[in-house]
Each structure stands twice: as C-alpha cells, then as structure tokens.
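Undergrad: Sequence:
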Amino acid sequence: MRLQIQVPLLLLFAAAASAVASGSDFDAEFTGRTLRWDYYHSGTAGEEHVSLDRFRLEGEWPGRRGGLGETLGFGKYRFVVRDDESGEILFASGFSSIYGEWETTGEARGGAWRTFHESQRFPEPRRPVAVALEKRGDDGAFVEIHREAVDPASRFVDRSPVPRRGRAWAVVENGPPAEKVDLLVLGDGYTAAEMAGYEADVRRVVDALFAFPPFADRKEDFNVWAVDVAAESSGVTRPRGGFWNATALGLAYNAFDSERYMLTFANRELREIAALAPYDALILIANSDKYGGGGIYNLYSTAAARSAQLPYLIVHEFGHAFAGLGDEYYTSQVAYEDFVAAGREPSEPNVTALADPARLKWAALATPGVPLPTPWSQAEYDEVSLAFQKVRAELRASGASEARMDEYFAEVAATTDPMLRAEPYYGQVGAFEGASYQAKGLYRPAVDCIMFSRNPDHYCPVCAAAIGRAIDLHLGASRGAD
57 MRLQIQVPLL
67 LLFAAAASAV
77 ASGSDFDAEF
87 TGRTLRWDYY
97 HSGTAGEEHV
107 SLDRFRLEGE
117 WPGRRGGLGE
127 TLGFGKYRFV
137 VRDDESGEIL
147 FASGFSSIYG
157 EWETTGEARG
167 GAWRTFHESQ
177 RFPEPRRPVA
187 VALEKRGDDG
197 AFVEIHREAV
207 DPASRFVDRS
217 PVPRRGRAWA
227 VVENGPPAEK
237 VDLLVLGDGY
247 TAAEMAGYEA
257 DVRRVVDALF
267 AFPPFADRKE
277 DFNVWAVDVA
287 AESSGVTRPR
297 GGFWNATALG
307 LAYNAFDSER
317 YMLTFANREL
327 REIAALAPYD
337 ALILIANSDK
347 YGGGGIYNLY
357 STAAARSAQL
367 PYLIVHEFGH
377 AFAGLGDEYY
387 TSQVAYEDFV
397 AAGREPSEPN
407 VTALADPARL
417 KWAALATPGV
427 PLPTPWSQAE
437 YDEVSLAFQK
447 VRAELRASGA
457 SEARMDEYFA
467 EVAATTDPML
477 RAEPYYGQVG
487 AFEGASYQAK
497 GLYRPAVDCI
507 MFSRNPDHYC
517 PVCAAAIGRA
527 IDLHLGASRG
537 AD
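Residue numbering for the sequence shown follows the working numbering, beginning at 57 and increasing consecutively.
Derived by calculation from the structure, the hints in this document are not laboratory data.
Where hints are given, some of them may not hold.
[Unchecked claim] When the alpha-carbon atoms are kept at most 20 Å apart in a straight line, the in silico SDA-like pairs for lysine to any residue are as follows: (1) K275 to D263; (2) K191 to E458; (3) K446 to Q434; (4) K496 to A411; (5) K191 to G143; (6) K191 to D94; (7) K191 to F172; (8) K446 to A459; (9) K496 to Y437; (10) K191 to D207; (11) K446 to P429; (12) K496 to E439; (13) K275 to K496; (14) K446 to S388; (15) K191 to P217; (16) K496 to Q434; (17) K446 to P424; (18) K191 to H202.
Sequences are here, hints too, so could you generate the full structure?
TA: In structure tokens, the structure reads:
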C-alpha cells in the first residue's frame, strides 16, 4: 500500500511552530548577536548521525525580529531552538542540505558513508537553550534526529573575532539589515587582478535577479552585499576538464558526478567569509564561462558568472535556495534516485503527487475550470526533449565550446517554446504531469515556468507566490508573516 500525503499550499505556508519572540520582546530574549552552530552530518541512505563541531559567535543578527518561530513548512529538515527549561520555541527555520541530496544518490544507497559540514545561524539567546534538527517523515511531519544543549555565555562558545579575509561592501542598501532581506553575493576563483571584473559580475547578478518578477516588484525590500576574497589563481575546479584550483570558497563543478552541478563542500570556510557581512541568503558566483550552477533551500545558490546563461541560472537556482522551489523538469540527467519517495507528498510548494485533485496543494491559485490533472502533449514534448538531451550529452562529451553550447540552448528554445505556448492551457494554473525528475506521478502548476525550462521570462503564479511569502517571512513583523 502506498502512503499518500496531501499538504495544501496554504497550510504549508502557514505550517510553523508556535512563535515566541515578537519585535517587542526580541531584546529581552536575545543579545542582538548571531550564534552559529557548526556540525557534521554523516551517514548512508539508511542511517544518519550528527556530531558537534562548535558554537561560533558572529556579528550583529541581520534577520527578522518578529515571528522567529515561524517557517514556510518547506525543506527536508527543520532547525529549532528551544528554551532549555520550558521547551518554548525561540527560533525555527526550514532547510534542505547537501547531505539530504546525497542520501538519495546511488553511492549512498549502495551503503557508502560520507560526512558533510553544515551550519545553522540564530540570534544569540540570553539563556541556555537546546538546538535540534528535525527530519521530515513519510507522513510529512518532522521528527527530531539530534539535539544539543548550549549555554551561550559559556566558555565553550568560540568568541574569537571573525578573520578579516576580504572587503565587505554594499551593492544595494535600502535600509537597516534587520528591516530588509539581506542578500550576500560571494565570488570564487577571482584573483586580486580580477576584482574589478568580480564587482562587475556582482552587479550583473543583481540586475538579472531584480529584472525578474516578483523580485522586480520587491527590490526595495532587499539589501545586497558583497565580499571581495581573492584567489591565488583564476577559475574554479572542473574535474571533468582536468582543472583544479584551491579557492577560498571551494566551488567546484561535478557535484555528485553531475558535470553541470556546482557546489562547495567547504562549509566552514564559507561561513567564516560570509560572516563578514549581514546575510539572510547567499549567492555564490564562479569566475567561469562554463554553464553550471545549483541551489539548495536555505543554504545557497551558485552560478557561473561568465556564462551567457547567467540570467537563467540566477533566477532558477535562487528560486531553489530562497523559496524552496523544486525543479519541474524531468528529462535532464541527474544523480538522484527516487528523489521523491513513492507515496510522499513533496515539500516543495510547486510540486505535488496529486493524491486527491479535490485538495490540490495550490488550489487557491488554480485557474477556474482547468481539469485536474491537466492534459498536455507530454509524449510529444518528451520525444523532442529527450532527443535534445542526447545531442547535448554528445556535445559535452566531444568537448564542445561554451559558445557552441549556448547556440544549442537557443536551438532547443526555438523548438520547445512554440510547442509549449501552443498548449491549450498555457499560462493557466492546473496540475501538469512531469516534475521533480519524474515523468509520471508528480505534477507541476504550469505547462511552462522558469523552474521547468529556460524559455519563460517569469515564474508561474504558484512559484511567484512562494517567493513572495519567503520575502515576507524574512521581513518578519514588518510584513506580518503567518
């Protein structure tokens, strides 16, 4: 029997533990500094363990002052801070992780063990607390997997000054960090002589993101910061290209042996550099023209800064990292196996198993009269898309230049965009089969969206709504997050 779980979108938006700290009592509960919990996450596909690295004091807390116990209900994990005596929730945050992705790979399912470094940041409490990690179960509920006690005033908290490894500067400053969403852009693989180019790339990233709705409409709710950190030599590691470089952030292509997937596993080093500026969200850019990027919810997004596909990479990958959006495509090769387990309702706001069409996750945004599931020419699209994917793999294997790959991407768009626009329910919200790396059994809200293909110049209404809620949550009491 397959367990079917259906979680309405509005409930996901509101799913949260009881809130504690309103703006009025923030100062009574917290010192105003940032405390960081560094830990190691280890295991296989069937077993996981968490072990303490350290608690580390950073600078001023840049996040929201109100609604600190609230989350959007997204992510594979939840981080919770509780009063050590009463159990009252002081802070909560949903997130996903590199470990959470790795455990779905063939390597992990084969019994291999790996360890990844992770961090959680929260306002420094004035009293002893317990920090805990919770993991989402088959029924969608979170179950605690690890807990640590910490007295913020104890000698076991690292209070050493954060090393000044680079220059922090404001790209866009619209107000105090506590009243805005603070986005930090960090570059990797830029030498000291290339810093002017890095600053230009940062501004290109900002322009790309805030040209795209709903970010375009909410730009004044953001601050954007950057930190200059020079590499000794230019570029980031590309294992398949035989190029290796020791950089400050450790960005590299070929994560989980997917040639376009760019991540860093050097979390401890990343967090020390990021601590030089206020941030709620991170974008990491690589000094490279080779197509690639990645995004993990409430961790970071990455993009190749010199790629002609940068605008797409920024808005697509940041959608993952900032709002917990899922990939809607399913014909591209990925390293995951059964990324969404059979019978589970995905936590992502834009993907559903559609166990009960009458209780569609995004029912409030569905176009009246659109049938559920929503018919579209999937077989015809799949035939074309899979043929394109085969040619793409052949081009990569032959060492085709990035200019040739960009030409090919344009050829793909010239074919698939008219196909999708010709669909009778194009531009409407329904439930279209094919999403999250699975052709069957999972559904997306629109026939096309920037989370599905490179074609559109917009997020679908469901994705846009999720981003809006994420912005509101980060702003806390000033926007009245649920």
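Undergrad: Each hint needs a verdict: does it hold in this structure or not?
TA: Results for each hint:
no.: 1; hint: K275 to D263; in the structure: holds (10 Å)
no.: 2; hint: K191 to E458; in the structure: violated (40 Å)
no.: 3; hint: K446 to Q434; in the structure: holds (18 Å)
no.: 4; hint: K496 to A411; in the structure: holds (13 Å)
no.: 5; hint: K191 to G143; in the structure: holds (19 Å)
no.: 6; hint: K191 to D94; in the structure: holds (18 Å)
no.: 7; hint: K191 to F172; in the structure: holds (16 Å)
no.: 8; hint: K446 to A459; in the structure: holds (18 Å)
no.: 9; hint: K496 to Y437; in the structure: holds (14 Å)
no.: 10; hint: K191 to D207; in the structure: violated (24 Å)
no.: 11; hint: K446 to P429; in the structure: violated (29 Å)
no.: 12; hint: K496 to E439; in the structure: holds (15 Å)
no.: 13; hint: K275 to K496; in the structure: violated (37 Å)
no.: 14; hint: K446 to S388; in the structure: holds (9 Å)
no.: 15; hint: K191 to P217; in the structure: violated (33 Å)
no.: 16; hint: K496 to Q434; in the structure: holds (10 Å)
no.: 17; hint: K446 to P424; in the structure: violated (38 Å)
no.: 18; hint: K191 to H202; in the structure: holds (9 Å)
Of the numbered hints listed earlier, those contradicted by the structure are 2, 10, 11, 13, 15 and 17.
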